[in-house]
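Let the sequences and hints guide you as you build the complete structure.
Protein chains in written order, with our numbering: chain W, 498 to 781; chain Y, 191 to 511; chain V, 9 to 330; chain D, 2 to 341.
Since the hints were derived computationally from the structure, they do not count as laboratory data.
Keep in mind that the hints are not guaranteed to be accurate.
Facing chain Y, according to a computed beta carbon distance under 10 Å, are these residues of chain V, among others [stated by the list, open to error]:
| # | residue |
| --- | --- |
| 1 | Q194 |
| 2 | A195 |
| 3 | K199 |
| 4 | H217 |
| 5 | Q224 |
| 6 | A225 |
| 7 | C226 |
| 8 | G277 |
| 9 | T279 |
| 10 | T283 |
Glycine included, C-beta positions come from ideal geometry on N, C-alpha and C.
Next come the chains, spelled out residue by residue.
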Amino acid sequence: MRSELRKIDRFWRVYKKRKSAVAGLIILTVLVTIIVFAPVFSPYDPDAKDAIPFTPPGSEHLLGTNDIGVDILSEMIYAGRVSLIVGITAAGIVVFIGSLIGLFAGFLGGWVDEILMRITDIVIILPRFPLMIVMAAYLGPGVWTIIFAYSIVGWPSLTRQIRSQILSVKEASFIEASRATGAGNIRIMFTHVLPNIQGIIIANGVMEIMFAILTEAGLSFLGLGDPTQKSWGVMLYFAQIQGAFLRGAWWWIFPPGICIALISCSFNYIGTALNDLFGLKLGK
Amino acid sequence: MDAIYRITDLTKSYPLPGGGLLKKNRKVFRAVDKVSLEINSGDTFGIVGESGSGKTTLARLLLRLIEPTDGNVYYKGRDVFRLNRSELKKTRKEIQMIFQDPYSSLDPRKSIFNIIAEPLKVHKTGSLSDIHTRIVETLELVDLPTSDDFLSKTPGEISGGQRQRIGIARALVLKPEFVVADEPVSMLDASIKAGIIELMTQLKKKINLTYVFITHELALAYHFCNRIAVMYLGEVVETGNIDDVIQSPAHPYTRLLLDSIPPTEPDPDWLDKRFGKSDFSRNAEGCKFFVRCPNPKDSCLHFRPSLSEIKRGHMVACQLG
Amino acid sequence: MSLLSIENLKTHYYTDSGVVKALGGVDLILEKGESVGIAGESGCGKSTLALSLIRLIKNGEIIHGKIRLEGQSLLELPEKEFNRIRWNRISMISQAAMGGLNPVFTIGTQIVEGILQHRKMKKRAAMALARELLRKVEIDPDMVKNYPHQLSGGMKQRAMIAMALALEPDVVIADEPTTALDVVIQAQIIKMLRKLQKEMNLSVLFISHDLSILAQACDRIMIMYGGKCMESGDTATLFKNPQHPYTRALINAFPDLKSRRDKLTGLPGNTPDMTNPPTGCCFHPRCALVKDRCISEQPVRQEINGDHVVYCHFAKPLSEEN
Amino acid sequence: MPVSRLDAGIVQKGDFQLTSRWWINRGVSSLLVLVAALVVNFAIPRLMPGSPVDIFSGGVKLTREARQAIVERFGLDESVWEQFYKYVVNAVQGDFGVSFFYYPQPVIEVIMEALPWTLLILVTAMIFQVVIGYWLGAMAAWKAGSKTDAILQAVSLFVFSTPLFWVAMVLLYVFGYQLGWFPLGGAYTIGEIYESAWDQALDVIKHATLPVISLIIAQYATYQLILRNSMVAVLKEQYILTAEAKGLSKGRVKHRHAARNALLPMVTFLSLSFAISLGGSVFVETVFSYPGVGKLIFDSVMSRDYPMLQGCFFLFSLVVIAVNIFVDLIYRFLDPRIAY
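Have a look at this one:
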C-alpha cells in the first residue's frame, strides 16, 4: 500500500535528523559485521594458546595477549558473539513476557490489571542484581542461568511502559468511535491499539538488548558466566582474578569494556531515538 | 411523527473517591439524573448545558457506549440496554456518532481510506470495490477530494476542518438514520465552524437524518436545531421547540444562559445585567439550581421539581414555570 | 502622545519546517484607560503580538518595528532594565483555567512574588495587599492559602486577574482570558474586567477569537489575519460598516440570538501556512471578491474615516460612497 | 465521564482524609514486598534441581551424621508449610541461620557489620548523582533542541552504557595502580593508628572516593535524562510564561517555578534507582574489595555460603522498602495536589 511506503519514508526523514541515532546505527552495523564474520577479522584462532603470555600490544598481537598466551583481539571478537547472542535472547524473552503482561493488564483492566500491576510493582522494587545473583548461584554458572535469571527479573519496567501506552491509546476517542460503529474488543485491539503501541514495543525492545548485554557482562564478571563460552564479561572476570592489574596488562582490561560500552551505547542511541519518535505519534 | 428515541428516568452515577476504607458510605456523583426525553424522527434535537451538566454522558448512553445505572432508552420501541450482542451490532448500523476532537477521533496510523472503510468492514458490506465506491460517494457528500492520493493520506497530513469532515464521512458511510454529534465544532475556528454547520444542515435535507446535537453554545443550537433540552448538573430543566425556549424561556437557568451570551452586535447595557454569583455548592434535596436562582422560594429548598408541561410541547422543571 | 504605540512590528519563528512569519508588520495605538480588542482565528499572530510586547518570544525573534511605552522605546532596552517593566508596567492575564497558575504554589505566594519582585515591601504587607486584591476580584481573601487545584476554573481566572493588577500596571494584556470557561462565568469575568478597567483607568489589550466578546468588552477592535491587520476601528462603526470581506465573514460566522439567520457563512479553505504566506493580500485565497490586483499587490493602509482603517484594495472611503 | 469533584461542587473545606489512609496503604504495599522477598528467599533453594540437602550443604561431601544434622537444622523432612512457618518466624527475629563461611557467626551479625559501609558509598553517590543529574538536566532543558542539549544527551547515554564494574576497574587501574593517588582497596588502612578522628575520617574518605566516583559515573545519566524530559515539558506550561511575564529572574523561573514541578518524576525514580544501585554495590565493592554487603554477596557466591547470600538479599529488600516509604513522603511533601 502506498501509505506504508510513505510512512517509512516520513519516519526515516525524521530519524535521520538525530545525529546520535545515526551514529548508533553505524556503530552497531560495524560491530555486528565484525562479530558475525569473526573468522575473517580475527587474526588468530581464539583458543590457540601458543603466544607468550602478557605480551603488550605490538605488530604480532595488535591487542597483546592474556595470561595463557591467547591473542586478546581474536578472543574478543569471538567473545562478542556470546555477549550479543545472550543479550538478544534474554532481551527477546523479557520483551515477550513484559509485553504479554502489559497487554493483558492494559486491555482487560479491572481486577486482572490490579493483580498484574501489584506483582509488577513488587518485582520492580526487589533489588535486581542481588536477586539474579542468588538465583544464578543456586542454578550454577552458565549462559542459560543468566538468561533465565534476567528473564525473571527484567520484564517489569517494559510492562509498565506498554501498559501506560495502551491506557493512553484507549482514552483516545477513535477507540470509542470504532466501538460506536459496532467493532468488538478483539477487532479494536488488533486494528487500533496494537499498531499504535508497536512502536513503543520496538523502542523498548532495543533498549532491553542494552540492559541484557550489560547484565550478562555484570553476572559473567562475578564468575556466573560460562568459562567455556567466553563473553566479554567472562574475559574481564579472568582479567580481574588473573592479576591483570598487578601485571599492568591494560590491554586486557580496556578493550573488552570498550566493546561492551560501544554496543550497548549503539542500542541506547537507537532505542532512545525510537522512543522519542514513537512517543510523539499519539500527540497532535 | 413517531418517537425514534424515548428515554425514561435515565440515570448514570459514578462513585466518588473517599468514604471510609471499606468504601461503605461512598458519596455518589450523578452525572445523568433521572432524564426523560423523546426524540422524533427528522428532529435536530439540541442538548445544551455547561461543562459538568452531563450532556456528553447522556450522548454516550444513547449509543450504549456506557452502561446506565438505571432507566432505559427505547430506540424504535426496543430498549437499547436489553439488546444482545448481535442485535446491538445490527442497531449500531443505524445509529452513528460524530466526535468533538478532530485530533484524537481519527487513528493517527490509519489512512483516510481505512478510517472510513472500517465501519463497512465491521459490518461486512460488499467487496473491496463496493467499499471503494461507497467511500468515494460519502467523501463527495462531505465535499472532500476523492483522489487516491488523498485517500492514502494519514490524519496528520490534513487540516482540522478536513479531519472533522472525515469524522462525519465515517459516521455516514453506513447510511445511518440517527446521528449523535458531540460538540462537533467546538474546537474549530469560527469560519471553519460555520462551514461544518452548513454541511450538516445540507446533509440533513439530502439524506433525512435525525440529529442529536450536543453543544454548550445556545446560539449555535438556536441556529441549527428545531427542538432543544437544557441540562443543569445532570437534570433536564427545560425542553421544547427551539423558538419557544429561546424567545420565552421558562426556567431561570435558561434565562441566565441566554443573558450570559454576549450579543454579536455591541450592546452597552448587556454588561449591566446580573449574571448571578458563581457558587457551586450543591443543594442535596431540593431544586439543584436553588443556590444560583435569582428569586428562589423556600419550598424550592426541599421540593425537587420534575418536568411539567406549561405549553404544547414546552416543559420546564421549576415551580414558577 | 499615546500610552502605547506599535509601529510595523515583524516577528518570525525559526522552526524545523522553515521560518514562520508570524507578524508581517502590525501597527497599533493604545490610549490611557482604553480597551482595544485583537480578533482573529488561530494562527493569525494575535498571541505572538502579546508575547512580542513583553519580549518573551521563544525560538524566534522580533526582527523589525518599534514599540513605545509613553514615548520610551522598549525594544532597545537591555534585558535587565526591560525586566523592571514586566508586570510593573505591562502585565498579562493568560488562560489561568488552562494552567496559568503554578500548581505547587499557593495563590498568595504567586501574587506576593510578583509584588516583591518590583516593590520594596515586607512579606506580610504584600500578603495583605494580595488579600485585598482577591476581595477586589470577588473571591474570598482566605483563598490566598489555597492551591490552584482547589479552585474552580472561574475562581482561578479571577485570581489570575488579581495577580495581573497587583502593581496597577499601565497596560494589561488579556490573552484569551475566558476561552476555557462556561458562558455564565465568562460573562461574570468580562463584566468584572470592564468594571475594574474603568475604576483603575487601565488600558487593556483584549485578545480573543470570539468577536462577540470583543464587541462588548472593547472600545476599539483590530481584526488580524495572516500576521497582518485587516481592519481596525472603534467597535460601533466596525460592526455597522465592516469594510473588509474577512471582517464581514467573521461577523456572519457567529450565530445570533436576535434573529435566526438563514445562513451562517463559512469560509472555504483553511488558515494560511505562515512559512510561505500567500502573495499580495494574504486573504486572497479565501476571499469571495478576489481580483488579480489582490493576488499581485499587497493592499496599502486606507483610512475610511478618522481611525477606521482597512487594508483592502476595494474598500471605499466614506466620502466616495454616496 | 466523571467530572472532577470540584466542578460538581462537592468539595468542602478539610476534604482531605487523615494521613492514616496513607499509612495503611504504604503499610500494605511494603508488607507485600516483604512477604515477596521472604517467599522468594524461601522458594529459590527448594525449587532448585537436586536434593535440598546437597544444595544446603553447598555440594560438599558430607558424612551421614552431617547430612542428618542439616535435615534437622532446616527441617527439610517437615511439610513445606511448616518449613516456611519456621523460616518466617526465624526471619522476623533476624535469624537467617549460621553462615557457612564465617561459621559460627550468625548471618545477621556479619551483615550488620558490612551494611554501614555499603550505605556510606551508596548514599554519598546518590547525592552527587541527583545534584549532577539536576544540574546537567536543567541546562539541557533550558537550551532544549540546541547543540548543547544534543551533546549532553549523547554523552550521558554513552556513559550510561558503560558497564559499572569496568568503570571501577579502569579507575582502579589508572588512579590506583598507575598513579597511586588512591588506595588499592578496602575501606580503611588496616592496623593504622590514627592521631585524631579527623585523620581516620580522611582515611575512610580516601578509600571511598573511587567506589563513589564509579557509582556516580554509572548512574547520574538517568537522573539527567528524566529531569531534562520533564523540565522540557514543564517549560512549555502556561504558568512558566506567567512567571516570566512577572519579570522574575531566569534563575528564579528555572530553579523555583520549573524545577519544583520537574523534580517530581525524578523523585519517583529515586526509590527505583536506589534498588538498582544496591545491585551496583556488588560490583564496586568487588573491584575495590570494599567490605560492604555487596562484597559479602560476591564472596558468598564464591564460597556457596547460601544462608549469607539469602540474608543479604533479604536485608537489601528491607532497605529498599524503607527508602520507598521515605521517597513517598518526600513526594507528598512536594506535590500538594495529592490528597492524603
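Tell me, which hint numbers fail for this structure?
10
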